[in-house]
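Starting from the known structure of chain B, arrange chain X on it as the hints suggest.
Keeping their order, the protein sequence lines are chains B and X.
Position in the first sequence counted from 1, then plus 1, gives you this note's numbering.
Position in the second sequence counted from 1, then plus 1, gives you this note's numbering.
Some hints here could point you the wrong way.
Which copy is meant is left open, so a pair is good if it fits within one copy or across any two.
Heads up, simulated SDA-like pairs for lysine to any residue below, C-alpha to C-alpha not over 20 Å straight-line [unchecked claim]: (1) Lys22 <-> Leu42; (2) Lys63 <-> Arg24; (3) Lys22 <-> Thr76; (4) Lys63 <-> Gln46; (5) Lys22 <-> Gln46; (6) Lys22 <-> Gln47; (7) Lys22 <-> Ala34.
No wet-lab data here; the hints were simulated from the structure.
Please read all numbers here as calculations on a predicted model, not as lab measurements.
2 protein chains.
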Amino acid sequence: MSWLDFFRGRRAEKGNAPLAKDRLQIILAHERASRDGEDFLPRLQQELLAVVARYVQVDANKVQVNLERGEGMSTLAIGIELPAKPRRNAAA
Amino acid sequence: MSWLDFFRGRRAEKGNAPLAKDRLQIILAHERASRDGEDFLPRLQQELLAVVARYVQVDANKVQVNLERGEGMSTLAIGIELPAKPRRNAAA
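One chain only, chain B, in its complex shape:
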């Protein structure tokens, strides 16, 4: 499943389901000019989720992660189903 399928799938799913929910989708794509480049996306993932959790409540059971590694590009797609009301106690 590519990151585009991931995104499109979620949109389509929303269309079919009458119960609309807030969702946050994060897609990272790292294009590497050479194969020597470090693939840091997996390590970024946890830190990104920690940042997001300062703004909205994140239930670990409502997080989908899809990592794809190719020769020239790695993609990390994170889909988060959000509660209706976001938290407002984020650091200023």
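Same frame as chain B, but now just chain X:
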């Protein structure tokens, strides 16, 4: 310019330019079930960039940000042109 155009445009540009560079692209899409939902993407932006900067050198002049706000969805697209060699001193 939608976030998809942003992404595709960068890919197309790469195809035309023989000088390949490392790039990191971050796309956030926040689907809101109601119009009351808080739009926190702009505030997330700086924190996300700070996280990324712990893994790779980020030159502020090489960062493109595109924020689109719609009724049901906001998207934030960040494109970063990376130096060839990423930093490795990220927090464990």
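How the hints compare with the structure:
1. Taking the shortest Cα distances, Lys22 and Leu42 sit within 20 Å of each other only across copies (17 Å), while inside one copy they are farther apart (27 Å).
2. For the homomeric pair Lys63 and Arg24, the shortest alpha-carbon distance inside one copy (10 Å) is at most 20 Å, but the shortest distance between copies (29 Å) is not.
3. With identical chains, the CA atoms of Lys22 and Thr76 are at most 20 Å apart between copies only, with a shortest distance of 16 Å across copies and 25 Å within one.
4. Within a single copy, Lys63 and Gln46 get their C-alpha atoms as close as 15 Å, which meets the 20 Å cut-off; across copies the closest is 22 Å, which misses it.
5. In this assembly of identical chains, the alpha carbons of Lys22 and Gln46 never lie at most 20 Å apart, being 23 Å within a copy and 22 Å across copies at closest.
6. Taking the shortest alpha-carbon separations for Lys22 and Gln47, neither the intra-copy value of 23 Å nor the inter-copy value of 26 Å comes in at or below 20 Å.
7. Taking the shortest Cα distances, Lys22 and Ala34 sit within 20 Å of each other only across copies (5 Å), while inside one copy they are farther apart (38 Å).
Checked against the numbered hints given earlier, the structure breaks hints 5, 6 and satisfies all the rest.
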